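Going line by line, the protein sequences match chains A and B.
Take any residue in the first sequence, count from 1 to its spot, add 17: that is its number in the numbering used here.
Take any residue in the second sequence, count from 1 to its spot, add 17: that is its number in the numbering used here.
Hints may contain errors.
Copies of the same chain look alike in the list, so a pair counts if it works inside one copy or between any two.
Said to hold, decoys possible - Result set (SDA-like, lysine to any residue): computed pairs, CA atoms no more than 25 Å apart in a straight line:
#1 Lys233 / Ala267
#2 Lys251 / Ala23
#3 Lys285 / Ile316
#4 Lys45 / Lys212
#5 Lys306 / Gly52
#6 Lys285 / Ser311
#7 Lys251 / Gln83
To be clear, the hints were calculated from the coordinates, so they are not data collected in a lab.
Fair warning: this is a prediction, and the values are worked out from it, not measured in the lab.
The residues making up each chain are set out below.
There are 2 protein chains.
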Amino acid sequence: MRSGDARALARAISVVENHAPGWIELLKDLFPHTGRALTLGLTGSPGAGKSTLVDQLAKLYRKDDQKVGIIAVDPTSPYTGGAILGDRIRMQDHFSDAGVYIRSMATRGSLGGLARATGDVSLVIDAAGRDIVMVETVGVGQDEVDIVRVADITIVILVPGMGDDVQIIKAGIMEIADIFVINKSDHEGSERVEKEIRALQSLATRQDGWAPPVVKTVATTATGVQELADAITKYRQFLLSKDLLRKRRADNWETRLVEMLRDTLLEKARAQLSARDLSRLAADIAEHKRDPYSVIEEIVGTV
Amino acid sequence: MRSGDARALARAISVVENHAPGWIELLKDLFPHTGRALTLGLTGSPGAGKSTLVDQLAKLYRKDDQKVGIIAVDPTSPYTGGAILGDRIRMQDHFSDAGVYIRSMATRGSLGGLARATGDVSLVIDAAGRDIVMVETVGVGQDEVDIVRVADITIVILVPGMGDDVQIIKAGIMEIADIFVINKSDHEGSERVEKEIRALQSLATRQDGWAPPVVKTVATTATGVQELADAITKYRQFLLSKDLLRKRRADNWETRLVEMLRDTLLEKARAQLSARDLSRLAADIAEHKRDPYSVIEEIVGTV
Chain A
18 MRSGDARALA RAISVVENHA PGWIELLKDL FPHTGRALTL GLTGSPGAGK STLVDQLAKL
78 YRKDDQKVGI IAVDPTSPYT GGAILGDRIR MQDHFSDAGV YIRSMATRGS LGGLARATGD
138 VSLVIDAAGR DIVMVETVGV GQDEVDIVRV ADITIVILVP GMGDDVQIIK AGIMEIADIF
198 VINKSDHEGS ERVEKEIRAL QSLATRQDGW APPVVKTVAT TATGVQELAD AITKYRQFLL
258 SKDLLRKRRA DNWETRLVEM LRDTLLEKAR AQLSARDLSR LAADIAEHKR DPYSVIEEIV
318 GTV
Chain B
18 MRSGDARALA RAISVVENHA PGWIELLKDL FPHTGRALTL GLTGSPGAGK STLVDQLAKL
78 YRKDDQKVGI IAVDPTSPYT GGAILGDRIR MQDHFSDAGV YIRSMATRGS LGGLARATGD
138 VSLVIDAAGR DIVMVETVGV GQDEVDIVRV ADITIVILVP GMGDDVQIIK AGIMEIADIF
198 VINKSDHEGS ERVEKEIRAL QSLATRQDGW APPVVKTVAT TATGVQELAD AITKYRQFLL
258 SKDLLRKRRA DNWETRLVEM LRDTLLEKAR AQLSARDLSR LAADIAEHKR DPYSVIEEIV
318 GTV
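Sequences are here, hints too, so could you generate the full structure?
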């Protein structure tokens with residue numbers, strides 16, 4: 018896998034994603050080979066053109082002979098097959114280029130764990146020698162914000178004409194943006210979105226002193242994509258010049274450790290609580306034979 | 018609180034929400050008085066008009082002398098003050114009517130726990146003798162889907178002209194809808210949204226045999242709100258006639274028990290791991306002095 022074989026990489030990711038036997042040992046072995054890649058987190062509303070923008074960035078990095086890994090996090094719908102479908106469509110574009118590896122990850126029906134899984138997978142891709150890892154996700158919900166937290170640089174993608182005030186104010190992701198992109202900037206309302214970003218920015222100052230730039234793009238025609246790449250390079254240099262990249266990664270690891278702890282404890286708890294016990298307890302609670310708070314206290318007492 | 022006092026209710030909710038001393042005991046005491054209210058979960062994209070629709074439903078239920086509790090889950094932005102602002106604006110409308118209690122809950126910066134907190138708060142409102150509890154949330158992200166899982170009846174709100182395919186296919190909430198609402202149905206594209214819902218529905222059948230209806234509304238003018246209330250009544254009767262309400266609640270409790278277990282274990286773990294330890298470990302990992310997987314194994318070994 019470390020020699021660059023894409024199939025070996027795909028297999029390693031599957032082991033990690035499915036928690037197949039040996040997955041933790043694999044991650045322990047790979048960890049010393051990580052830390053070299055630059056990780057970009059890209060987030061925005063559905064329909065903001067994230068995938069197209071990511072693909073254009075990938076093409077640009079490929080011209081520079083950078084090896085690229087892409088993790089696309091898709092909220093799954095059982096109706097459509099979700100992530101898998103997206104994978105196939107996008108793979109065609111880069112099919113003949115082993116320098117771009119795309120992996121879709123689905124929001125599962127289970128509890129959390131997606132941010133953690135995304136972090137684990139990005140480590141695997143990093144260890145496989147990719148220079149750039151891009152993590153792309155829909156930017157509403159705490160889960161999605163957590164996912165972007167694995168990134169060295171976070172890019173928030175907005176578009177004109179989608180109830181802009183709402184997308185900006187409600188998204189809860191303004192404060193995590195290192196770079197703003199206004200995609201579909203040829204559409205009406207682009208100036209207004211920029212104004213709103215500036216207005217919100219004026220209300221707060223960042224601790225690190227960085228002023229997040231606003232880059233206008235039209236991803237479908239690659240317009241502004243070079244400018245976006247330049248903004249990324251500039252922020253990376255800023256981070257390195259102030260020794261902030263190391264701090265950023267340490268901060269990210271604080272968040273991730275707590276996540277990992279939560280998920281590991283949950284696995285441990287679920288292992289103790291069989292599906293049958295759980296179903297019986299839930300029925301008792303629904304019928305008010307027991308209260309859920311005492312039930313939890315009892316279970317935690319035995320973990 | 019159980020005599021209907023809104024201030025006492027607000028205080029009880031604050032105790033539960035902030036995990037103030039005695040919060041678990043309070044929930045244990047209240048639990049036997051729950052199970053009477055009908056809980057509605059309403060979800061949709063930002064800008065779909067959820068709040069307006071919820072307010073209109075509340076007005077309708079008030080005419081029938083039903084006491085209403087509303088929980089509005091807001092993704093918080095530190096820039097705008099998020100939930101608190103929304104609270105104040107909406108309170109004005111029902112200010113003089115003690116029969117409508119509105120509470121906003123914010124998506125905190127912390128890990129998960131929001132679905133659990135929403136569930137706890139809805140129990141408190143139920144115990145306070147409200148007939149209808151409405152939980153309203155933005156419908157993207159696993160967290161939001163989990164929140165709606167506390168509901169007896171789930172209503173998914175769509176709107177025309179917001180990149181419809183995307184909102185439907187990517188939302189990941191199609192499969193949880195008992196009732197679909199097309200709000201702003203006077204806008205262009207309303208027919209197309211309905212067609213897409215029907216097309217997706219035809220791909221899957223529900224285990225319980227219910228065919229989720231599509232109700233068209235214009236919330237700002239209360240158009241279609243009576244039809245929505247009728248659809249809610251019809252599904253409630255369907256659930257009761259087949260003894261499915263009890264099953265639904267037992268299923269919900271299964272999900273919630275696991276959530277409660279996860280959150281309780283996380284609290285326990287965090288209590289053991291001081292902020293200083295966490296910060297030191299994260300720095301070690303960022304500098305590759307230690308690997309995170311071994312760190313977690315060590316911590317879990319001591320919980």
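> For the identical chains here, do lysine 45 and lysine 212 meet the 25 Å Cα criterion within one copy, between copies, both, or neither?
Replying inline: The answer is neither: 46 Å in one copy and 50 Å across copies each exceed 25 Å.
>> Cα distance capped at 25 Å. Does lysine 233 pair with alanine 267 within a copy, between copies, both, or neither?
In response: For lysine 233 and alanine 267, neither the intra-copy (31 Å) nor the inter-copy (50 Å) Cα distance is at most 25 Å.
> With identical chains treated as interchangeable, where does the CA-CA distance between lysine 285 and isoleucine 316 reach 25 Å or less: within a copy, between copies, both, or neither?
Replying inline: both (12 Å within a copy, 13 Å between copies)
>> One pair to classify: lysine 285 and serine 311, alpha carbons no more than 25 Å apart. Within, between, both, or neither?
In response: both (20 Å within a copy, 16 Å between copies)
> For the identical chains here, do lysine 306 and glycine 52 meet the 25 Å Cα criterion within one copy, between copies, both, or neither?
Replying inline: between (53 Å within a copy, 12 Å between copies)
> At most 25 Å between C-alpha atoms: does lysine 251 with glutamine 83 qualify within a copy, between copies, both, or neither?
Replying inline: Within one copy only: 17 Å inside a chain, 59 Å across chains, cut-off 25 Å.
> Is it within, between, both, or neither for lysine 251 and alanine 23, if the alpha carbons may be no more than 25 Å apart?
Replying inline: For lysine 251 and alanine 23, neither the intra-copy (30 Å) nor the inter-copy (54 Å) Cα distance is at most 25 Å.
Comparing the model with each numbered hint stated earlier shows that hints 1, 2, 4 do not hold.
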